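Residue numbers (my numbering), protein chains in the order written: chain A, 56 to 400; chain B, 56 to 400; chain C, 56 to 400; chain D, 56 to 400.
Hints in this document: simulated from the structure, not taken from any laboratory. It is possible that part of the hints are untrue.
Claimed, not checked - Using C-beta positions, here's what the derived DEER-type ranges look like:
1) C/D237 / D/R387: 20 to 26 angstroms
2) D/G181 / A/N218: 31 to 37 angstroms
3) C/E352 / A/D237: 48 to 54 angstroms
4) D/G367 / A/P91: 54 to 60 angstroms
5) A/G181 / C/D213: 39 to 45 angstroms
6) A/N218 / C/P162: 33 to 39 angstroms
7) C/H216 / A/D237: 53 to 59 angstroms
Unchecked claim - Coverage of chain A stretches by chain C, computed from C-beta distances (three or more under 8 angstroms per stretch; other residues unrestricted):
8) 153 to 165
9) 184 to 194
As the list claims (entries may be wrong) - Output of the computed footprint for chain D on chain B, the stretches with three or more beta carbons under 8 angstroms from beta carbons of chain D:
10) 129 to 136
11) 178 to 187
Fair warning: this is a prediction, and the values are worked out from it, not measured in the lab. Glycine included, C-beta positions come from ideal geometry on N, C-alpha and C.
Residue-level listing of the chains:
4 protein chains.
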Amino acid sequence: MARTFASDNNSGAHPVALIAVAEANEEHVHAYGDDPWTARGIRALRTHVGEAADVFFVFNGTGANVTALSSLLGNGDCVITPATAHVATDECGAPERFTGCKVVGVPTADGKLRPADVEPLLSAHGNMHHVQPRVISISQISETGTVYTADEVRALADLAHANGMYLHMDGARISNAAVALDEPIRAFTTDAGVDVLSFGGTKNGLLFGEAVCFLTPGLADRYLYERKSGGQLASKMRFVGAQFAAVYGSSTWHEMAAHANAMAARLAEGARAAGVELVWEPAANEVFALLPPDAAERLRAVTDFYEWEPRGDRVIVRWVCSWDTTDEDVDRFVAAIPAVMEGRS
Amino acid sequence: MARTFASDNNSGAHPVALIAVAEANEEHVHAYGDDPWTARGIRALRTHVGEAADVFFVFNGTGANVTALSSLLGNGDCVITPATAHVATDECGAPERFTGCKVVGVPTADGKLRPADVEPLLSAHGNMHHVQPRVISISQISETGTVYTADEVRALADLAHANGMYLHMDGARISNAAVALDEPIRAFTTDAGVDVLSFGGTKNGLLFGEAVCFLTPGLADRYLYERKSGGQLASKMRFVGAQFAAVYGSSTWHEMAAHANAMAARLAEGARAAGVELVWEPAANEVFALLPPDAAERLRAVTDFYEWEPRGDRVIVRWVCSWDTTDEDVDRFVAAIPAVMEGRS
Amino acid sequence: MARTFASDNNSGAHPVALIAVAEANEEHVHAYGDDPWTARGIRALRTHVGEAADVFFVFNGTGANVTALSSLLGNGDCVITPATAHVATDECGAPERFTGCKVVGVPTADGKLRPADVEPLLSAHGNMHHVQPRVISISQISETGTVYTADEVRALADLAHANGMYLHMDGARISNAAVALDEPIRAFTTDAGVDVLSFGGTKNGLLFGEAVCFLTPGLADRYLYERKSGGQLASKMRFVGAQFAAVYGSSTWHEMAAHANAMAARLAEGARAAGVELVWEPAANEVFALLPPDAAERLRAVTDFYEWEPRGDRVIVRWVCSWDTTDEDVDRFVAAIPAVMEGRS
Amino acid sequence: MARTFASDNNSGAHPVALIAVAEANEEHVHAYGDDPWTARGIRALRTHVGEAADVFFVFNGTGANVTALSSLLGNGDCVITPATAHVATDECGAPERFTGCKVVGVPTADGKLRPADVEPLLSAHGNMHHVQPRVISISQISETGTVYTADEVRALADLAHANGMYLHMDGARISNAAVALDEPIRAFTTDAGVDVLSFGGTKNGLLFGEAVCFLTPGLADRYLYERKSGGQLASKMRFVGAQFAAVYGSSTWHEMAAHANAMAARLAEGARAAGVELVWEPAANEVFALLPPDAAERLRAVTDFYEWEPRGDRVIVRWVCSWDTTDEDVDRFVAAIPAVMEGRS
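Please construct the entire structure, taking both the sequences and the accompanying hints into account.
Put into structure tokens, the structure is as follows:
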């Protein structure tokens, strides 16, 4: 199947990740993480999030998010997150199921949560009839393709900590954020006050595998049991660790994310030149555009993508670039826009 | 690290599985299972469990078991299983966490549940103070290395169905069972009345990946949501499907399991010849032996394995053979036994 | 403590309920509901909701709601309800905790849900990434004091049933609704397509006790286990049943609700005459008014009530009348309004 | 219905409790526990468990146990309790449902857990595949009618605390234990190291109502949310508090329990004199006897009771005395035994 703009989940694995898996496939090692490849993978991630971080591998993004959140929540607590967040809308209620807690989705203009969005909800603290705000969860990059600056993250972390709460970051596309900000990952995570980070691998060129990184000391004490009872403990964990060691212990991760971001910028520029209005300013590897529904349908025949939601008489569409998107993929798509908009194709 | 007898989880992936992953790593396909490799993997498994089966891929054995059980259970229900079962003892309470239901572990002589073990518990039916038996769960092969015959499975299925219950099979080592019984898998699953099967891949040479197979029509209607809300939906599912297609769509699975079983038989024979007493008659790829504690410790220095539990003044040890265990691995181990038993090593 | 307008929960029990408890306090009866008073209580409620209803007593409104909803939901499902609903905001996340499912609160103009509010959410059906709408839950009377007509209930029931969903009604103040509509309870419950009803007792003059009424046949099959595993099975259930038998087997329930509604109407009329603006048209025993914050504070010194939420530079206040509110309570309060508004008190 | 020996749950409420409810039924008070009767009830219980205790009222024993346990448990933890414990067998899986944790029932000779029963399970600590022992839960009196001495409780508390665990006591019949031991309640609870106590009221003459008492400081910080999200917050809590204030703020509780215990002693003595073999030495208000099944059936026709479980060719029967059992009830029953045993009745 040809490459599309549907999702970076639709792309395969980068050769570096695949080769790492093959190289790890020798003889026996202890299962469940007590092996050298897992240790190397953890070391690689610590170069990005700090030596003090407690790092654990899990299977997928939902698994990372729900076990991370569950580590922080007690009965009667709630999570505050943008209404568009993956944990609020795209995990089929897994956060509620794993934690038994309410996920409060707050409307935002651009997918990014700000202190002013959270503050009105904090009056629930101490009222036993209302769920107790315990965690602020944000996605970096956000589900609308926008990126939090380190200062914006820090403002939320400060608000959280001043109110006995934690800041969780869903970093499914954290590598794209680092490229977008041109900063090391720790600048907008550990150093900005994030307590727990879901560190994404799958969407940036791994076969599978994510990590839960506890950045604040003392939070991970019971996570081994959280992960196992949450069904997220890989027996042949070496195959996750080896991928992270290879991709995040080298410059491969940055090259992949930088390429994806560059392709998205090229796509955004081309679309704008062709008269397409963008919804949010593209910052990383996702572009959201407004199209008439029939034009969207014709354009999907050129290269597939998802329709996000209606807005007025147009539809918001999402174009996602991946580590393997090519200039030709973008250019062919952009070249088709004029005819599509005029109804000629 | 050298090969050991600690666990078939400690072995790597068979080259056929690894190559299948590499071959599936081309261009884009839809994420979350709507791709040709997943379809091929499902087709391959249906040749083993029947065309009518609803087959879904998940990450690991715990994920398969808990989402399968959760599909069958309601509030106030319970699962009846041998006290030694993986779902009773080795999943850190994941079944209780995912289902909210009690897992009732019944003592057995040899790790195999029989109707007479279950019947006394059925008087709870209709008593609102007691958990309601809803699922019988057995492991094939069992955690003590024994194997249920098709007739034994059928007897439990009949008991279950006569009492409004379901039969679940944890098939983490189902391939070894098929070899041990010299029967097709469906003979002791679908054809023997199993309702839902956790079909194991990881322990028989896959990198990762298991399947939940609904063998009784109508039970899978809501499983898509069960799997997603249970954190077990792989985005790049093609890499699971491709492995199952390659390994279970060919004779590779059988060759691996047959080899592991043969190695275990060789090990059992050699150990017996060296005077070691076995606990249960080895039937597949696991051997349980009785050793004095100090002898066990010395033998572990030769090749590692797990101590299972104390029995009297001796200790039960578990030796697991894998698809990659060699004659030399076994012979070297067996050759060391006499000195170990005499305290000379 | 003097009577206030804070909540009908603050009032005590009607003498009829108390005497019923005393009369039931003789010798021994079977615990857990197998007693004549429970049977009489069920018979009394069936005169209101139909002979085919399955009726079960529980302790409190949250217990009724969460066990009712849990009976209808599976993993990955969700409940659609007004954002102001008790199950969405006032139960400290108990619905999420008991069901593991998301409660989707929909903004409404007046606390009442309409089909047009629900329909846009139904596109999630069949998409495994999104929670599956399974239950519509409405409160009768609503949390804003408004009342659904039988036709309005029916429209929601039809929408639910046409989409494989159920309609749940939180009837914490169902008696006040019956009086407001001047209809028998069954007209806007059983006959209007409600599937499961939380039938309120505590707020209408009982000491404690609510009922879960399954109005659609076949839904209650497993509720005995749901209730017990949900911690809502009373051992001395006779004391709940006796109250329902006495209050709902006579005209007492209607007299209490009619009185509370009449007091609220008197209060609304008096406040309006004193120049106070009401937020929603009072229909039952609750009145919501807009006051300047300082006036609200002064008025609370006369008789206590709750501030609901800010609106602009004023505050919405809630005045609740109870079965024991007196003309004098109302008149004294109304008489104080002019001075309060002018800042003289 | 006549008094039986079926359960102390089958008896009604003591007049002191009923009168307290009637006296509390005046005017308005704040709902949900912020009222003078609740305060008085808490003060009364603190005279029994210490001034430092955090005391909360709930509806029933299951509610007390599951919210207490849930306060102490995290994901992957387990509760160790006698196999006969109410939390293990008689709550329809409510503990698993509320906590998501495994309840490990340990066989005991007499319903009482001892350190030697617990110690072998502690080796699971630190093994992420196994549930982590976090709480020891015992019932005082036990479900077999036996009573823990203060020293026996202390031994379990010391074991728990030395291993990072908590000791929970299910005190459904704690008043009977205090009488049996002839000690103040705090001697075998607070002073013996119990961390959290479910303080029973219903079985000792209340209409309904139990209390959760946190005896170790700092454990109750989040219990308000635990109770509300657990469905156990009474709106008209004054009716629970008033009963505890009246019964446990006077000598009534002791008189009731002492009477029930005395009746059980009279019954045990009479039965033994009639040749009946008792299973365990009766210590409080429950007597367990061995009868031939047909004799048990004939004796139940005289006065009802429950058959506990078969033992050999006889059946263990349970006779429970209550605060309202009379000498005549006992004597009539005992007098019937000879004929019943001889098959004459």
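Query raised in the report: Against the structure shown, which of the earlier numbered hints fail to hold, in ascending order?
Result: 1 and 6
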